[in-house]
Amino acid sequence: MPILVKKNASSFERSSGELLATLREKHPLVHHITNYVTVNDCANITLCIGASPVMAEAKEEVEEMVSMAGALVLNIGTLRKEQVEAMLIAGRRANEHSIPVILDPVGAGATSMRTNAARRLLEELDVAVIKGNAGEIGVLAGSGGVVRGVDSGGISGDPMIAASRLANATGSVVVMSGATDIITDGTDAILVDSGHPLMGAVSGTGCMASSLVGSFAAVADDLMISSAAALVAFGIAGERAARNAIGPASFKIALLDAVAALKPEDMKEAKVREVSV
Amino acid sequence: MPILVKKNASSFERSSGELLATLREKHPLVHHITNYVTVNDCANITLCIGASPVMAEAKEEVEEMVSMAGALVLNIGTLRKEQVEAMLIAGRRANEHSIPVILDPVGAGATSMRTNAARRLLEELDVAVIKGNAGEIGVLAGSGGVVRGVDSGGISGDPMIAASRLANATGSVVVMSGATDIITDGTDAILVDSGHPLMGAVSGTGCMASSLVGSFAAVADDLMISSAAALVAFGIAGERAARNAIGPASFKIALLDAVAALKPEDMKEAKVREVSV
Amino acid sequence: MPILVKKNASSFERSSGELLATLREKHPLVHHITNYVTVNDCANITLCIGASPVMAEAKEEVEEMVSMAGALVLNIGTLRKEQVEAMLIAGRRANEHSIPVILDPVGAGATSMRTNAARRLLEELDVAVIKGNAGEIGVLAGSGGVVRGVDSGGISGDPMIAASRLANATGSVVVMSGATDIITDGTDAILVDSGHPLMGAVSGTGCMASSLVGSFAAVADDLMISSAAALVAFGIAGERAARNAIGPASFKIALLDAVAALKPEDMKEAKVREVSV
Numbered sequence: 014m015p016i017l018v019k020k021n022a023s024s025f026e027r028s029s030g031e032l033l034a035t036l037r038e039k040h041p042l043v044h045h046i047t048n049y050v051t052v053n054d055c056a057n058i059t060l061c062i063g064a065s066p067v068m069a070e071a072k073e074e075v076e077e078m079v080s081m082a083g084a085l086v087l088n089i090g091t092l093r094k095e096q097v098e099a100m101l102i103a104g105r106r107a108n109e110h111s112i113p114v115i116l117d118p119v120g121a122g123a124t125s126m127r128t129n130a131a132r133r134l135l136e137e138l139d140v141a142v143i144k145g146n147a148g149e150i151g152v153l154a155g156s157g158g159v160v161r162g163v164d165s166g167g168i169s170g171d172p173m174i175a176a177s178r179l180a181n182a183t184g185s186v187v188v189m190s191g192a193t194d195i196i197t198d199g200t201d202a203i204l205v206d207s208g209h210p211l212m213g214a215v216s217g218t219g220c221m222a223s224s225l226v227g228s229f230a231a232v233a234d235d236l237m238i239s240s241a242a243a244l245v246a247f248g249i250a251g252e253r254a255a256r257n258a259i260g261p262a263s264f265k266i267a268l269l270d271a272v273a274a275l276k277p278e279d280m281k282e283a284k285v286r287e288v289s290v
Numbered sequence: 014m015p016i017l018v019k020k021n022a023s024s025f026e027r028s029s030g031e032l033l034a035t036l037r038e039k040h041p042l043v044h045h046i047t048n049y050v051t052v053n054d055c056a057n058i059t060l061c062i063g064a065s066p067v068m069a070e071a072k073e074e075v076e077e078m079v080s081m082a083g084a085l086v087l088n089i090g091t092l093r094k095e096q097v098e099a100m101l102i103a104g105r106r107a108n109e110h111s112i113p114v115i116l117d118p119v120g121a122g123a124t125s126m127r128t129n130a131a132r133r134l135l136e137e138l139d140v141a142v143i144k145g146n147a148g149e150i151g152v153l154a155g156s157g158g159v160v161r162g163v164d165s166g167g168i169s170g171d172p173m174i175a176a177s178r179l180a181n182a183t184g185s186v187v188v189m190s191g192a193t194d195i196i197t198d199g200t201d202a203i204l205v206d207s208g209h210p211l212m213g214a215v216s217g218t219g220c221m222a223s224s225l226v227g228s229f230a231a232v233a234d235d236l237m238i239s240s241a242a243a244l245v246a247f248g249i250a251g252e253r254a255a256r257n258a259i260g261p262a263s264f265k266i267a268l269l270d271a272v273a274a275l276k277p278e279d280m281k282e283a284k285v286r287e288v289s290v
Numbered sequence: 014m015p016i017l018v019k020k021n022a023s024s025f026e027r028s029s030g031e032l033l034a035t036l037r038e039k040h041p042l043v044h045h046i047t048n049y050v051t052v053n054d055c056a057n058i059t060l061c062i063g064a065s066p067v068m069a070e071a072k073e074e075v076e077e078m079v080s081m082a083g084a085l086v087l088n089i090g091t092l093r094k095e096q097v098e099a100m101l102i103a104g105r106r107a108n109e110h111s112i113p114v115i116l117d118p119v120g121a122g123a124t125s126m127r128t129n130a131a132r133r134l135l136e137e138l139d140v141a142v143i144k145g146n147a148g149e150i151g152v153l154a155g156s157g158g159v160v161r162g163v164d165s166g167g168i169s170g171d172p173m174i175a176a177s178r179l180a181n182a183t184g185s186v187v188v189m190s191g192a193t194d195i196i197t198d199g200t201d202a203i204l205v206d207s208g209h210p211l212m213g214a215v216s217g218t219g220c221m222a223s224s225l226v227g228s229f230a231a232v233a234d235d236l237m238i239s240s241a242a243a244l245v246a247f248g249i250a251g252e253r254a255a256r257n258a259i260g261p262a263s264f265k266i267a268l269l270d271a272v273a274a275l276k277p278e279d280m281k282e283a284k285v286r287e288v289s290v
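Protein chains in written order, with this note's numbering: chain A, 14 to 290; chain B, 14 to 290; chain C, 14 to 290.
Just chain A, same shape as in the assembly (with noise of 0.2 Å):
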């Protein structure tokens, strides 16, 4: 299965840069139901590229709040059994309303409540995009991933392989993060190279991706092109956040800083290709 290169990227750049423009205008509510762990970093990184982030998981309020919303980011980080049903609760009512859900699995893999979690709200929701990592995007296409604990152990195979088998069986877009973030709905990829390897170092980075894919999914028409550039802004925010951090805890002010400074134009230092599965 070669990587061909289809085109150059400057259409992207052109369409990246656009849809941050848009979002630092609207400001697009983004509501989370999220773990306990990295909510915080997930509102803030939220705030900084410049959508509305909300909290809520009350399975008596998440009908109501999710329909002022642009888009709907699903964690399963700290997952407990109620949250899983305000999850469904508040997808199925995003759904009715064609608000995109986003889906972060996180620890699918690790245990059989996170893989059948992360299966079920497939099953029950049209999930709009996928982000995790290796591991749980393998474990998920059945293409035999790892989990270990929250981080991906890995993936048997071709990553590509896994997931465009994931976004085919689902109907989704599927995000694999890692050095190289792959972008696919199946037929087509897009993979970004932006980042830096300290962002592995911080708890809540994929997480924070997920918000952004969340955030910028609220203004988009085509999702490949709006979760690639959420990657891209991440990445050449961390890009620059490197540049000056002594260490992780450094490195993630400087990271939230920097998408907080990111300027449309900024979007032409994106990494990216654009592919045929």
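Source of the hints: derived by calculation from the structure; they are not laboratory data. Since we're looking at a predicted model, the values are computed, not measured. One should not assume that every hint holds.
It does not matter which identical chain is meant; a pair holds if it fits inside one copy or across any two.
Said to hold, decoys possible - Computed cross-link-like contacts, EDC-like style, restricted to lysine to aspartate or glutamate with a CA-CA straight-line distance of at most 20 Å:
hint, residue 1, residue 2
1, Lys276, Glu31
2, Lys94, Glu109
3, Lys284, Glu252
4, Lys281, Asp139
5, Lys281, Glu98
6, Lys94, Glu73
7, Lys281, Glu252
8, Lys276, Glu137
9, Lys39, Asp164
10, Lys39, Glu282
11, Lys284, Glu38
12, Lys276, Glu26
13, Lys94, Asp279
14, Lys284, Glu73
15, Lys72, Glu95
16, Lys39, Glu98
17, Lys276, Glu95
18, Lys281, Glu73
19, Lys72, Glu98
20, Lys94, Glu76
21, Lys276, Asp171
22, Lys39, Glu278
23, Lys281, Glu137
24, Lys281, Glu136
25, Lys94, Glu287
26, Lys281, Asp235
Start from chain A and add chains B and C according to the hints.
Below, chains B and C without anything else, positioned relative to chain A:
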């Protein structure tokens, strides 16, 4: 409804400086029942101002915990049903012991669950201070507030009228945060202009302000003065923090550091006006 | 009960350096069931020292999750009833697999719920290390500890006696944090003087220390040595971080960065004394 400056602010500066000195000396315990998004910021700002934070929300222990406290801060930012029960249990005990209760009705108006919870807390408890944004206060005052997620969508009409209406209806001191903060008991008002726009770019500054209102209330006789002192302290720290901040995340770090560094005499930088409603 | 220095610390320095090197090489998974206030700090400090944090508390998944782990950290900082159940389920499985269990009895003594939960965990589980402040250890040892919120109100009598009494009663290694940390198995003790007063000005340093104790326990044979190594590593990082910190918030960032930058050979800066109880 004209705003008349009644007197100069020198007595306020003196009292607020004394309150800060007392806080630093007594380290009152401030019991929070709060959301899981900004809870760490609340704990740290409480430590920085000189008080001692404790977060506890199991209904089995909140009575015992609040009995040791100087103030109780109730924040409905990620409300769950059981949390409302715990708030009522803790609040009743606080009322019995004359421990001031501060309510931050985060997102009231965005969903009926939040609006109803805030109303119920106000009905069943003697709330000393209600601290919210214009939208939230407007909703609770029945003055046409608009709330989108947890952000104020503004208010139709005069904010001062809404704030004083709510104060008169509840007997609480009402603190409406904004570019100019309004603190009113329905008769008199203190306007606080201290602060910096970057405070709106960070998740949690509203919650942190409520923690400070609680901390100052724990050592105060006059809750108008203590609430204004809390917002002035926060505002002055915000102004100082903004001087060297690169973006929202480094600003938040600098803000916490600046609160910790505040001295009683710094309160003379206060931008306050005392007015009649 | 005189404290006698038994030997010089050079063997400790060597072993603690080796433990850090092993940690960095093996990246053990450290399963936390912990509070929602400082959970992000716990995740990040665990990453900074070289281990891999996972937070999971649904009773449906904790057995599976802990089975992959090198250590289990139980922290009752924002205890809920269901959390105690999850801690017991996870703890029993950890015991079956000889995975060391670390208990941080946050606020034991402040409310009977916390005291009882800590006692129940100690009765029903084989706890490898109990790590608390003087008040908490004093309460659990029956030595008259005082706890106010989650802060130590001190202890009536000799801290060393309380710590060794608890160690003898439980068979656990007891770590009592303070200006001088005491680590004892009831017979011998290691005293750690490394550290900086600013560590007490930040929310979460106690919890972070417990995460480090868990991380080192995951690669250790001798839990006295590994617990002391954890506190030494944290203390040295604290001393370094304090050099350039402006206030508590920038100190916390510098502290995390300093932990990440620690090298095995840095452990020779340890201020430790090995003594008989």
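For this session: Just pull the numbers of the violated hints for me, sorted ascending.
Result: Numbers 2, 4, 5, 8, 10, 11, 13, 14, 16, 17, 18, 21, 23, 24 and 25, in rising order.
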